[in-house]
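Student: Numbering follows full-length UniProt numbering, in which position 36 of the sequence shown is assigned residue number 36; successive positions increment by one, without gaps.
Just so you know, the hints here were simulated from the structure itself, not pulled from any lab data.
Be aware that one or more of the hints could be misleading.
[Claimed, not checked] Cβ pair distances, simulated, as ranges:
1) Pro350 <-> Lys317: 12 to 20 Å
2) Gly974 <-> Glu272: 57 to 65 Å
3) Pro898 <-> Lys864: 22 to 30 Å
4) Leu635 <-> Glu279: 49 to 57 Å
5) Lys864 <-> Leu955: 27 to 35 Å
6) Glu365 <-> Gly974: 45 to 53 Å
7) Gly268 <-> Lys965: 53 to 61 Å
[To be verified] Here are the simulated lysine-lysine pairs, DSS-like style, with alpha carbons at most 25 Å apart:
8) Lys191 <-> Lys116
9) Lys242 <-> Lys267
10) Lys163 <-> Lys197
11) Lys1045 <-> Lys533
We put the beta carbon where it would ideally sit given N, CA and C, even for glycine.
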Amino acid sequence: MAKVVLSSSDLKAKVVKASPSLPLGAAPAPFLDGNGKEEGTKSSSSSSFSASFSAVAALASPTDRISQCLDKLAVLDTDKDAGQVLAGALAAAGAPTSYVESGAADALVTLVANAKAPPTSRVQACTALAAGFDHDGSTLGAIASFAFPALVDACTDKNADVKEAARRAAEACVPAMGSAGVSLNMDRLLKACGEQKWDVVEAAFRLLSLAGRTPACQLGVARHMVEITAAVISQLSSSHPKKAAAAAEGLDGAFNAIHHNETQQMKGNICESLATTGEVVFKCLEQLMETTFVNAIGRPTLAVIVPVISKGLKDRKRDLVWRSSKTIKNIFGLVRDWADVQFFAPVLLPEVEKAMQHSDPEVREMAEAAKVALTEGGQAAPDSEAAKTGGVTIEQCEQAAKSDARVALAAIGGSAAGTPLGDAAVTFGSEGASLEVERSARLYDGCVAESLVMSVGVAADALGSSEPGTALCASLIAKLESKGLSGKRLPYIYEEFVEDDEIPKAANFGKPGGDPRDFLINMPSVILAFAGKVLLGGTALRFQKNRCYGLVGRNGTGKTTMLNRIAARDIEGFPQDVSCYYVAHEIFGEGEETILEFMRSTRDAVGPKTGAECNADDDCHAALTEVGFDQQLRLKNVSELSGGWRMKLAIAKSMMYKPELLLMDEPTNHLDIASLDWLSKYVVARRADTTVAVVSHDYNFLGDVLTDVVYLNEKRLEYYRMTFGDFQGRHPEIVDQLPSKDKAVAASAADSAAASGGMTRNESAASLGGSDGGMKQSASSVSLAASEGGASEAGDDGPKTYLDPSGMEIKPMCFPDPGKLDGVPSRTKPVLKVDNMKFAYPPKDPNDNNPENARWIFNGVNTKITMSTRVALLGKNGAGKTTLMKILIGELSVESSPFFSGDVWKHHNLRLSYIAQHSVHHLEGSVELTPVVYMQRRFHEGMDAELKKMVTHGLTPEEEELKMKKGNISKVVGRQQRGKELYYECEKTGRNNARGEPEPEFIPLYDLKMKDAYVMKLVRNFDERMKAEQSGMSIRPTTQVEVRKHLNDFGISPDLATQKIKSMSGGQKCRLVLAAAMWSMPHIVAFDEPTNYLDQDTLRALTDAIKAFKGGVIIISHHEGFVNETCKELWTVADGVVQTEAVKGKEKKLSKRQLEKLAKEKEKAEG
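Work out the full structure, taking the sequences as your base and the hints as a guide.
Tutor: Structure (structure tokens):
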């Protein structure tokens, strides 16, 4: 790199400082130009400053003018304008040189510090300094730092005028001296915070608060957050209310210096916890565990968190000690610098070791884990990036820069060299150099050499050199070049300070490629932690322009969480000028808003923000047309759309934003084959002007659209500039366990071979070129044909763990055995039938019963379900698949509708479970609960509380009133089977015997169906109670032990079962939904789009669980591999009828009678 030579004026121009804040409660003095006139349009005659300045402005030499002002200041005891006159003269002569060469800086500070000087002179000296800092603060940093101790001492003066003037000058001094001055003078400021006099304490904490709120000072405050927190805690407990209030104000301001977004979000709880104990501390620790971290934790954050943790450890409550230990275990895994862990470990270890002797074994276990985190570490452990590069730390980098700056500044010399001001300037400059290294290391931006030059430029001027930049650069850059730092950016601060041969040579494999100038996002070091679990640690996040990235990884690696944080744009260093839009999920409509109205509201919201020209309906219609909405469909309400159309609407909405970065989370959810094909082409087309990042478990879709793969592996992002197909070749474990059409056919052939040749299934699969996928004798690996009805024997020991090819454990799921139904000796006998069903959704007008205005869905559907059913409902979006499933399950009440005909029959003891498209969203009202508590509350009375929310079971207020009318049925209390008919024992309002007891009567079911609609709700609720008794659910204890055991059958570990639901990943929430749905041990399970939101492990486990299940299964899914591996039949819903066919390759699994029946049904449908 060529040597850089800067003139003094150039150097001043390059110094970047925030505009200094005004003194609290004070108006600024007018700034004067060289002729004694105010800058701008204000009249100079309005200021006494200007009038006084005129008296000395006539003097020819600037030095003479300043000397005259200093003489007047020293002897006059009454001139109230003397201080401002001097400040104007110094400004006119050219600050900061004028302050040094004239000796004004030394003279003013000496006068302020001289307690024997006339009070008015000291007041005017403070006024001169305050005015100068106000107007020339960006060039007076070193002088402000030099003056600050004297000003703080004067704040304690006995003279009230001196005290007030010093306070105002100190407040002007703080923003002027910047981070370097604040850091150098922090000890003096904190000493004042600990004084006995409340007014001194109040003034000191006010200065601290001002420093924390001033951007130019925040790095200096952050460096001393440990000492600041200790001083604050000391005064927060003071019995003097004004001291405690001042400490709280100081903490509130200083907290702003912690440049950590996640910590700032917790500011209120942390500040409150530092002042108190007990429940507030628990709440704070809980929030720490629930926060998603995308920025590494440093010493400033630990300075305010560690005291809270320490309070929790010292508390006697078991839960608080356990939570504190867990916080240590998790939070210290997010600390990047091992030196920070070592710094705080001695504070926490004694209390952690006490907790290791706690009477509760869970507390002891967590305390041991906390000790490991403090002594062996996580992300910040000795095997971190620092250790790999020779053990060089940021502190060592700072010391090197500090030393270089001192050498460079000393070489400059100047009139101030060797004086107290000169020495202070050298110290100021070297401190600034150290802080610049810290800033660059944290933000990873800016040329290091240039940053250090800027940081010491002010100090160079204070030394009085005529050309400080030349000498400074010559010395400083030579030092930096010897370390390989000069001119380089700081993406890896550790690596830059060691010799090249000491740096491990990383292969290009797995690194982000491309020209850095083409990066839309380039953040060399990000972390990701959720619910206390470190998902990514210090890894690069880089997206190039006009590429499509797929985020791929195992369950719980943080794919969706990473998209969420990118969309929130709260990762430190994220380019705020990059427009970004996040397609998180399909649109959920409320009310009567039509699709076109929804798009118009989106257009109106987008226009002002982006400046996009979308002020007419043309933009809305263009977007809707592109995703497939015709004119008639646009007039529908959003709430009427199926899941597939809602997802299309979400994509149409994203088009209105025209983002540079498009984020898509599971965009293929609910889409049929035609829509998937359209989406693939759309994403490919968007790459022309947009960077796209996708999370999807539809690997065929990823294969069509990706240009790059980002693999979340071992807490790092590995980049593969290749198609997804090529990536699969490198990492077969990512897809080997997923269900596929080819696997299903191979498995079917293996089962047939095994049955005919006496081989095991695995032997047959091997002979056909198949694989067992690394399973460990999993019960779910048995063929569908292994037993009557297609279910395998699950074994006595519950679900067995199995491994993928990479050796990673996959947690299985085990559905409970539903048992047999009364009167149903065979699993192939129907337990649910639909005969000639016709159904339509009623017109929008509730009073309109005209069939021609209704939206007809079915026109003569005939079907049956058995305990051996394995069927998939197929069809286009909006064809009625979900409607048919809801009618079969009983989720949708149709019997009383005038637009329904036919018959839907179910066995009276049939237990059904329905997992809807958006079942995971139903957990949103329970996210503050743990899975155990959620299950206990839902089933605490032996009945599923969710049933009461169903329209087919819950009585409306009007129905409750109707049943209380005399003679109406009010309760169903019994049931009998008489021949082929069911009779229900019913109580009627007002019908009692002579003793006043209800006198029930048996009424046949066919009569009850003819009565008011609420009567059938009473019947259904009674049937549910009977089913609960039969399944044992009504007497099944909802103890923690029982619930944990059930959850464990679905891959939810005991530890996860006691964490809040909101801390669970998407796949884990799906497992919880499945566990709740299977608590009643249903005979028939219906899944509506179960593969949506499922990670690969959960999908594999669900596939195996369905195959091993001994009940019937109905599935709606567009995932061809999942359908082919789990189902035997396909029911295509189209044109109001259902056409049935066998899954290709599984025809042999159907009996001759079944094949003949299917052929007749197909012939009838086509005829």
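Student: Run through the hints listed earlier and report the numbers of any the structure violates, in increasing order.
Tutor: none
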